[in-house]
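2 protein chains.
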Amino acid sequence: MIVCKFGGSSVASTAQLKKVKDIILSDENRQIVIVSAPGKCFKDDVKVTDLLYECNSIVQKNLSCREVFKKVAERYVEIAKGFKLDVKELNAVLDGVRFNIDAGRGTDYTASRGEYLSAYLFSQVLGWSFLDTADVIIINPDGTVAPESYDLIKRAIIPGKKYVIPGFYGATSNGQVKTFSRGGSDITGAIFARALGATLYENWTDVSGIYAADPRLISNARVIPELTYKQVRELSDVGASVFHEEAIAPIYERQIPIQIKNTNQPEDKGTLIVPETSSKDLIGVSGKTGFSALRVSKLMLFKKYGARHAMLTMMHIFGVRPSYSLYGIDSIVWYFESKMASISVAKAMCDRLKKEFELDEVTVVPDQAVVGLVGDMTSTSYIDAAVALRKANIDINSINYGASEVTTLFFINDKDLNPAINAIYEACF
Amino acid sequence: MIVCKFGGSSVASTAQLKKVKDIILSDENRQIVIVSAPGKCFKDDVKVTDLLYECNSIVQKNLSCREVFKKVAERYVEIAKGFKLDVKELNAVLDGVRFNIDAGRGTDYTASRGEYLSAYLFSQVLGWSFLDTADVIIINPDGTVAPESYDLIKRAIIPGKKYVIPGFYGATSNGQVKTFSRGGSDITGAIFARALGATLYENWTDVSGIYAADPRLISNARVIPELTYKQVRELSDVGASVFHEEAIAPIYERQIPIQIKNTNQPEDKGTLIVPETSSKDLIGVSGKTGFSALRVSKLMLFKKYGARHAMLTMMHIFGVRPSYSLYGIDSIVWYFESKMASISVAKAMCDRLKKEFELDEVTVVPDQAVVGLVGDMTSTSYIDAAVALRKANIDINSINYGASEVTTLFFINDKDLNPAINAIYEACF
Chain A
1 MIVCKFGGSS VASTAQLKKV KDIILSDENR QIVIVSAPGK CFKDDVKVTD
51 LLYECNSIVQ KNLSCREVFK KVAERYVEIA KGFKLDVKEL NAVLDGVRFN
101 IDAGRGTDYT ASRGEYLSAY LFSQVLGWSF LDTADVIIIN PDGTVAPESY
151 DLIKRAIIPG KKYVIPGFYG ATSNGQVKTF SRGGSDITGA IFARALGATL
201 YENWTDVSGI YAADPRLISN ARVIPELTYK QVRELSDVGA SVFHEEAIAP
251 IYERQIPIQI KNTNQPEDKG TLIVPETSSK DLIGVSGKTG FSALRVSKLM
301 LFKKYGARHA MLTMMHIFGV RPSYSLYGID SIVWYFESKM ASISVAKAMC
351 DRLKKEFELD EVTVVPDQAV VGLVGDMTST SYIDAAVALR KANIDINSIN
401 YGASEVTTLF FINDKDLNPA INAIYEACF
Chain C
1 MIVCKFGGSS VASTAQLKKV KDIILSDENR QIVIVSAPGK CFKDDVKVTD
51 LLYECNSIVQ KNLSCREVFK KVAERYVEIA KGFKLDVKEL NAVLDGVRFN
101 IDAGRGTDYT ASRGEYLSAY LFSQVLGWSF LDTADVIIIN PDGTVAPESY
151 DLIKRAIIPG KKYVIPGFYG ATSNGQVKTF SRGGSDITGA IFARALGATL
201 YENWTDVSGI YAADPRLISN ARVIPELTYK QVRELSDVGA SVFHEEAIAP
251 IYERQIPIQI KNTNQPEDKG TLIVPETSSK DLIGVSGKTG FSALRVSKLM
301 LFKKYGARHA MLTMMHIFGV RPSYSLYGID SIVWYFESKM ASISVAKAMC
351 DRLKKEFELD EVTVVPDQAV VGLVGDMTST SYIDAAVALR KANIDINSIN
401 YGASEVTTLF FINDKDLNPA INAIYEACF
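In order, the protein sequences belong to chains A and C. So the first sequence is numbered by the numbering used here: it starts at 1 and just counts up by one. So the second sequence is numbered by the numbering used here: it starts at 1 and just counts up by one.
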């Protein structure tokens, strides 16, 4: 049995949904379909979810979202008409949703209606059953999935029957609709794949797989044919986007493979994410900007046990939680997202750290970027990458090699990110 | 005013002490002299301190150390005779010391008598004053120097008067003799230099300075003319020995320069350790073996705040305190001294970590070595070093670059340490 998830662009219009329908019906193992909210139909179009967030803002000002919600409704009505469905029932459902939004059911309820309506409508198109995830996915206060969700799903799904299911949300333990982070339909698909013991989790999107480098940057970047859970997780962590990294956790233990496919070019091989691979290849390179480096040093810094933990605790008071860290003999560099601390907060944090821990030096260096080279790190390609960066006159501020079996991290200046990706791609791929 | 410290080989015999005397008298600014215990006079000779530890073992078995102590006494008597001193008083002092050792004054008292007698005797040779450091240096239970020591020293030293002072020990706050770690006479010198505001701290030894690489390995290794406190501290941390790293702390704040000189070749320029340098040069490369790598990984490892601290706490229960650490996206590698945990303890620790933190993987890899390349790290020589290691077919297990402004750390297999130092020295120096 295959669980397949279709992203926003795949369900944006009648034309797109016809492709989706063809894909689904071409393999009878595709029994569970998760859908996102309709995305953009054209470049300057607005995603349904963004319209819904707009509705939410209006309602929070104690006004009715009626006018904006009309645009939401139009999207679904148009699709229904495209499939020659009777729109009377749909209109009643739309009215009910609008009423609930106006009645103040809250941000998560409102934001999740794009998926809800998408799944409701597409279940009509296919003549399949609809299942509301608010009834079966319980989301903990920290955003993780409560384990009992898997049982609830198993009990709700009748074997042999086929379902269309909304992505992106579940409910709190007391039944209030609660969403995952944006792009969370990938997580919903993973939860169903795990709960139902799927043989494959298909993730249909608008690109032909995960690219070895951002194709906006490297025009001829190749699609990665196969990579591991770990590799996709670490590639995501350093900025590559295609598959939601939190969607790996639910199926990690069950080792269900994930197939990324392109709805618009279903004949393309796509990318297969597997538990283990024997490939010794490099997988990809990705990076992201927006970090600051907090550098501290003190003679015999680590003679005092617990010093680094105490410093981290202090940093958290200032709202700073580092994404990456390198520990030297008498010094540390922590990379954190610059948005976590304004210049004045960063300064106050430095002053406090310096005083409290009697540090010799504390500085915050803004405008840092991280680049991750992902693949089998027993190769020495990371050395080629370093040589290539030097040749391109790019300053390397830090290198972390060997902590991970799949990723080498390079830290550089923001402005050098694109040239760095280019240099590494050229040298290593 | 110059504080000068003479190491064990410099005070091992009459011949050596004559060189020391010439050095001291050639500059009247040399007013405070710290001495170690006599070292070896020839290759298979025994250091006085080792003889004293032997005395201590004997006394702990409730026997008299008389026979072994005779060998200690002979060393001093011989020196006294070499300087044509009356040995009657010396013999009385030696008898007193032996009596106290036999009376059970303890390990630290016993071990420190080499320096005590050395300073006593050499003060007679020079006709200078003797000052017992047990009266002026207070050592805290954790081995650090109590701040009041600096005042005690200032009050004990009469300006203009010249002193010979024993290295290596002080006393606890209730007056019991307590030693520093082995080689701790360097620390004593640093404490006096700081307390008295010396313009220079001279450290006289049997080599012509700090070498850029171990001269037993690189026969033509050059002497480092100048380096910073930080650089010498980090070079020491990765195995280079010449100057005791804990001796930097006392004079770090006062920024007193340290001159390493060779008693046997006083005309050699030696090595100058300074607070700051404008030099952009590489300084040296050093390494040490005997580490194990503890590798852990878990998907989304750091989503839970405090995970790494909790793991470190658990490791400490098993007696493991890592010397070096690298944190990846979902994985960590900690390098710890292998002697901290037997194979069975390491296994038990892995099992416990795996269970407690639900880790995906936990392994301990033995036989690891660290290599530090020290110098101004804004240069890119560390890339040349990596390339050289690859060319020499040496596997690099981890690289930590950028955490420190002065050191890049390479982690390799034990067996590759010497070839690695060779390859790096050849490529970078």
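A couple of the hints might just be wrong.
When chains are identical, the list treats them as one kind, so a pair holds in a single copy or across two.
[What the hints assert, rightly or not] In the EDC-like style, the derived pairs of lysine to aspartate or glutamate whose C-alpha atoms are separated by at most 20 Å in a straight line are:
(1) Lys43 to Asp268
(2) Lys269 to Asp102
(3) Lys415 to Glu89
(4) Lys339 to Glu78
(5) Lys303 to Glu253
(6) Lys269 to Asp281
Note that these hints are calculated values from the structure, not bench results.
Quiz item: Where does the structure disagree with the numbered hints, that is, which hint numbers, in rising order?
Solution: Those not satisfied are hints 1, 2, 3 and 4.
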